[in-house]
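Novice: The sequence shown begins at 40 in our numbering and counts up one residue at a time.
Treat the hints as calculated values from the structure; they're not laboratory data. Where a beta carbon is used, it is the ideal one built from N, C-alpha and C, also for glycine. It is possible that part of the hints are untrue.
Stated by the list, open to error - Restraint ranges, calculated between C-beta atoms of paired labels, are given here:
1. 534 - 59: 21 to 31 Å
2. 483 - 358: 44 to 54 Å
3. 51 - 72: 24 to 34 Å
4. 521 - 84: 44 to 54 Å
5. 55 - 548: 16 to 26 Å
6. 613 - 51: 24 to 34 Å
7. 327 - 592: 20 to 30 Å
8. 455 - 249: 20 to 30 Å
9. 267 - 94: 11 to 21 Å
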Amino acid sequence: MDVEAFPNYTQLTQRLPRLVWWFFRWSTLLLTFFVIYLLLVKPDTGLTVFWKLLIPLLPLSFAVMPGVWRNICPMALLNQIPRTFSFSRENTLSDTWRKLSLYISVLAFIIFVLFRYPVLNHNGFYLGLILLTALSLSFLGGLIFKGRSGWCGTFCPLAPIQKAYGHAPLILVKNGYCESCLGCQKNCYDFNPRAAIFSDLNDADNGWSEQRKFFIALLPGLIISFFNSGYNDETGISQYLLQMLTPVGLSIGVFYTCHNLLHINFYKLASLFAMSALAAFYWYGAPVVASGLQQLFSLTLDDWLISGIQYAVILVCVIVLARGFMSERQYRQSQQQSSQASLGQGVSTLKAALSQTGQLVQVKEKSSGMQLLMRPDQSLLDALEEADLPIMPGCRMGMCGSDPVVITGGFDNLDPPGENELNTLRRLGLEGKARLACCCKPKAGISIDLEADPTLLSVETEQDDESDQQNTRKQIIIVGNGIAGISTAESIREQDSECRIILITREAYHFYNRMGLEKVLYGRTAMQGLYLMKKEWYERNDIDFWLNTQVIWIDVKGKNIKLGTGETVNYDKLVLATG
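Full structure from sequences and hints, please.
Specialist: Rendered as structure tokens:
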């Protein structure tokens with residue numbers, strides 16, 4: 040995938056210092072508790088603040104700069120406290136619950152909107168209780184499940200609306216919670232915000248992709264019906280629901296009709312419907328905000344200013360649409376280049392590829408006894424997901440290490456591992472034992488075993504002597520890839536040619552010229568042009584380099600470190616060269 044068009048969070052620069060982010064996070068949480076206090080003690084004021092001032096701020100921020108809210112959301116903070124302070128149980132969310140969470144979050148959002156007129160618009164106690172429940176569930180999700188899989192990207196009712204409005208963010212803000220990717224979610228929005236929607240809409244699991252389409256399809260109808268409906272005792276709940284849901288059904292019908300009859304692709308439709316919903320929200324919502332300012336601060340907004348806000352939001356929506364259509368073009372070009380690279384020069388279609396290869400690649404899965412056929416342009420992960428075999432999806436870029444697969448036959452029929460995959464396999468101690476399913480594309484038939492534990496296997500027989508020797512080598516870990524870390528590694532290697540040196544950094548890049556970052560920011564060079572040490576230097580000096588890896592704990596007595604991924608690595612000597 041095009042790194043410049045779709046940078047993942049490890050390739051983004053942190054815009055604010057960590058302490059500033061933590062200040063904003065705790066401030067937002069305190070503000071949330073204050074609003075809950077108002078809802079319970081002074082409900083009239085609390086309801087006005089919540090519905091007419093705070094809620095209208097969120098949708099536009101989701102479209103322009105969603106990473107800000109993803110970093111300071113009070114539910115996200117509570118969800119990540121167990122992980123940050125290392126008391127999370129870090130269980131893996133089962134595949135069944137992962138799929139159900141999509142429907143739970145969408146259903147919760149719709150029910151929340153439907154109950155605004157009958158209950159939540161005028162009952163501060165119930166609204167406050169719902170907010171407290173959401174905060175509690177987010178904390179519980181972080182306590183039980185690893186990463187952000189227990190709430191933020193799964194069960195949270197705000198997740199569908201954030202992904203819809205933020206499908207093509209204008210400004211990218213780095214994910215500040217995940218120092219090391221755990222591969223805890225499928226098509227993680229926080230990992231790559233601009234690419235997430237393409238992964239969702241094109242997912243091999245129809246249930247996964249259809250729920251995303253379905254929610255975006257109903258969104259304009261839900262927004263329009265909400266602002267044009269009302270509830271009272273004379274109307275009755277059944278008449279109210281009919282008023283609310285009829286436009287929703289029409290909106291869904293228009294969405295799928297445009298696709299089936301007009302042949303508009305799902306991405307363009309999703310983008311158009313999401314931005315239509317956002318424009319409608321502020322077209323009707325701007326006067327609501329004005330009334331809130333009048334109630335709380337006796338501040339009157341002129342009609343021209345309200346109209347200006349409405350048209351300004353429409354302009355933003357048009358810009359997001361343009362950004363989205365450009366992203367789609369870049370995505371398709373990236374996918375086409377990737378397919379041609381894997382199929383062979385000059386091969387532009389699958390049919391042409393098959394005529395050259397003669398047949399699809401066969402994969403035998405030992406534990407289930409299944410045999411599946413792969414397209415030449417598929418990754419092993421895509422094929423396993425299509426066959427509904429148990430495999431963790433992860434980041435799909437070879438960085439999280441959540442999808443190692445034991446290759447029992449045809450190991451040499453796989454593409455050689457790239458830099459990201461190789462670094463991750465070394466970090467996991469699986470080099471030569473397994474491959475990451477998301478990174479490998481078989482050139483000929485292979486056999487795999489999904490139930491085998493790669494950590495219990497030995498490397499190929501011819502590598503046994505080397506492996507045994509490696510286990511007896513003294514292991515030195517250096518944390519930090521600046522000038523201090525590199526100089527230390529070089530000095531150690533000069534004095535000891537036998538020890539194993541592991542250089543760990545949470546950055547996504549090798550040692551580079553930090554003074555030259557301005558050239559990257561202004562597009563005058565790529566990051567590779569700033570590297571101060573070539574790849575051959577690390578190979579020549581036998582230095583293992585673990586990128587995107589965060590050290591979160593040091594056990595001095597036990598002589599081991601704990602990584603952000605939960606793994607523990609022993610050392611004989613430890614050097615902290617973080618500056």
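Novice: List in ascending order the numbers of the hints, as given earlier, that are violated by the structure.
Specialist: 1, 7, 8
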